[in-house]
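Trainee: Sequence:
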Amino acid sequence: MKKWMGLLLLTFTISLAQAQEKPAPTPPPAIAAPVPVESGQSAAPVPVESGQSAAEKFKQAFAGARAARSQTPYTVLANYTLLEMWVLTKYGLTAAYNESPETTYELEYMRGSLGIGYFGIDIGKIEEQRLSFLLRSFSSRNSFSFAYGGYVNEITANLGNDYLATVPGVSRSSVELMKVQTLGASFALGNRWQLKNGFVWSFDWLAIYWPLAVLNQDSPFIDKSADPGKRGKADDAMTVFRRIPALGALKIQLGFSF
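Just so we're aligned: the sequence shown equals residues 0 to 257 in numbering that gives the first Met the number 0.
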C-alpha cells in the first residue's frame with residue numbers, strides 16, 4: 000500500500016511540474032517519459048481529471064427532488080398515518096400546489112375510527128375527521144421540510160352500554176353520541192422525494208395538533224344521565240378531546256406530481 004501511495008504521489012508531482020513548465024518556443028511539445036516501475040509491479044494509474052468530481056455528481060443526484068418540484072406545480076397524494084393519538088391510525092388524501100421548490104400549499108383530509116376505546120369512560124366507538132390547510136417549507140433543502148397551518152377537527156364518540164343504562168326514560172340513540180369540533184394549529188416535520196417521472200413519496204415523521212378553540216360541542220348524556228359519577232367522567236373526556244394536543248407519527252404519502 001505504501002509503494003502504491005508513493006507511486007501516486009510521484010506521478011502527481013511529475014504531472015504538476017509539467018503543467019507549470021513554460022512551453023519551448025519552436026519545437027513541438029515533448030512526450031513525457033514513462034515513470035520507471037520496479038520489476039514485478041504494475042504502473043500506477045495517472046489521475047485523469049473528469050468534468051465533475053464525485054462530490055459534485057452526488058450533490059446533483061441528491062438535488063433531484065428539488066429540481067423535480069420546480070417543474071410540476073400540482074401533487075396528489077394518498078395518506079396513511081401509522082400512529083394517531085385518539086384513533087391509532089388514519090387515512091386520507093392531500094392535494095398540493097408547488098408554488099416553488101421552496102414552498103408547497105396543501106389541502107389535506109384525514110379520518111379514522113377505533114371500534115372500542117377507553118378514555119376514562121366506556122366508549123363503544125370513536126371516530127375522528129380532520130381538514131387541514133398547510134404550508135410546507137423546504138427552504139433551500141432538497142427533501143426535508145416543515146409543515147404548519149390550521150385545521151378543523153371533529154371527534155365523535157359512541158358511549159358504551161354501561162353508560163347508556165344510566166339514562167332513564169329516554170331513547171338511548173338520542174344520547175349515545177358525544178361530539179366536539181375544534182379549530183387548531185398543527186406543525187409537522189418530514190421528508191418528501193420526487194422523481195423526474197412525477198412519482199412522489201413522503202414521510203411526516205412527527206406531527207402535533209393543538210386545539211385553540213371549540214367550534215361546537217354536543218353531549219346530551221351529560222344532561223340526562225342519572226349517575227353523577229358517570230356524568231363527571233363523560234365531561235372530563237370531552238375536556239380531553241377539546242383541550243389536549245394530539246400527536247401523530249409516521250404518516251406515509253404516495254402519489255404523483257404533474
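Because the hints were derived from the structure by calculation, they are not lab data. A portion of the hints provided could be inaccurate.
[Stated by the list, open to error] In silico lysine-lysine, PhoX-like type, Cα no more than 25 Å apart, as pairs:
1) Lys195 / Lys232
2) Lys195 / Lys223
3) Lys124 / Lys195
4) Lys124 / Lys232
5) Lys223 / Lys124
On a predicted model such as this, the values are computed, not experimentally measured, just so you know.
Trainee: For a quick check of understanding: which of the numbered hints are violated here, in increasing order?
Mentor: 1, 2, 3
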